[in-house]
Amino acid sequence: PNLALQRGNWCSPAIPRSQQNTMEDLQTSEEAAFVAEDINNIIKESIDSILLNATYSQQKVAQWTAQIVESCIKRTTALNKPFKYVATCVILQKNGAGLHTASSCYWDNATDGSRTVRWENKTMYCVTTVFGLAF
Amino acid sequence: MALPAKDFVIEPAFNAKFRQGKAQDIITEVLKTKLTNVTYHPDNTSTWTREIADDIKGKLKEMGLERYKFVVQVVIGEQRGEGVKMGCRCFWDPNTDNYATAEFSNESIFCVAAAYGVYLY
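Going down the list, the sequences are from chains A and B.
Be aware that the first sequence starts at 2, since it is given in our numbering, and climbs by one per residue.
Be aware that the second sequence starts at 0, since it is given in our numbering, and climbs by one per residue.
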């Protein structure tokens, strides 16, 4: 029997191996690193779209923080990267008081990162942070 | 060929998950130890925030949760009657990931600390 004819190709993948994005490829390619500049723009646009020209209002501030973090999460997840995201937002009324923030993270320095954006207008400050953690 | 079951674990055992109650106790204790009877001062408050964040992170590491990444955020502000609001949203796997927060305030400062635990598959 001719063995060459009997060797069937029944397990060929639908996408050729050369084009498949395996787990190793994802982790070594640029896609898997946290790109701070994209996140920076995303956060700025999120805050601007909600707080531009707004005056501090006790009733609305809860709604604003929720909208800002939701918008940040929506846009960062739209980047379609293998990341988990945590977005926090602090809105502080301008009163002459001081505010200090710090964050300490136990993660993988090569793949994870964070970005903080400080924004202000005449009546309030807004400090928004997005942490990206690779999985 | 028998492969050990440990190699195919994709989520933590139920007793090895990030527990919100336990983490919250840790955070409240750190805030109480570090911030009782302090007065706001622009020079040393930023050192306090950093120390508290590192302290909380160290204690979370001691909890012994393997394969968890931690993010700790601490906000300290001066109490002057101003309004402040802090919110957060997370995009993660609610089966394995969780967070804990605690607040502390006295006459001159208020402090909010949030710790997030994210599982690494």
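Quick caveat, the hints were computed from the structure, so don't treat them as lab data.
Heads up, a few of these hints could be off.
Only part of the chain B face toward chain A is listed, based on derived beta-carbon distances under 8 Å [claimed, not checked]:
1. F7
2. A15
3. R18
4. M62
5. L64
6. R66
7. F69
8. G76
9. M85
10. N94
11. Y115
We put the beta carbon where it would ideally sit given N, CA and C, even for glycine.
Quick rundown of the hints versus the structure:
1. F7: Interface hint status for F7 of chain B: violated (15 Å vs cutoff 8 Å).
2. A15: violated, 16 Å
3. R18: violated, 17 Å
4. M62: violated, 11 Å
5. L64: At about 10 Å, which exceeds the 8 Å cut-off, the nearest Cβ of chain A leaves the hint on L64 of chain B violated.
6. R66: Violated, because the Cβ-Cβ distance from R66 of chain B to chain A comes to roughly 10 Å (cut-off 8 Å).
7. F69: holds, 4 Å
8. G76: With a minimum Cβ separation of about 4 Å from chain A (threshold 8 Å), the hint on G76 of chain B holds.
9. M85: M85 of chain B check passes; min Cβ-Cβ to chain A is 5 Å, inside 8 Å.
10. N94: violated, 12 Å
11. Y115: holds, 5 Å
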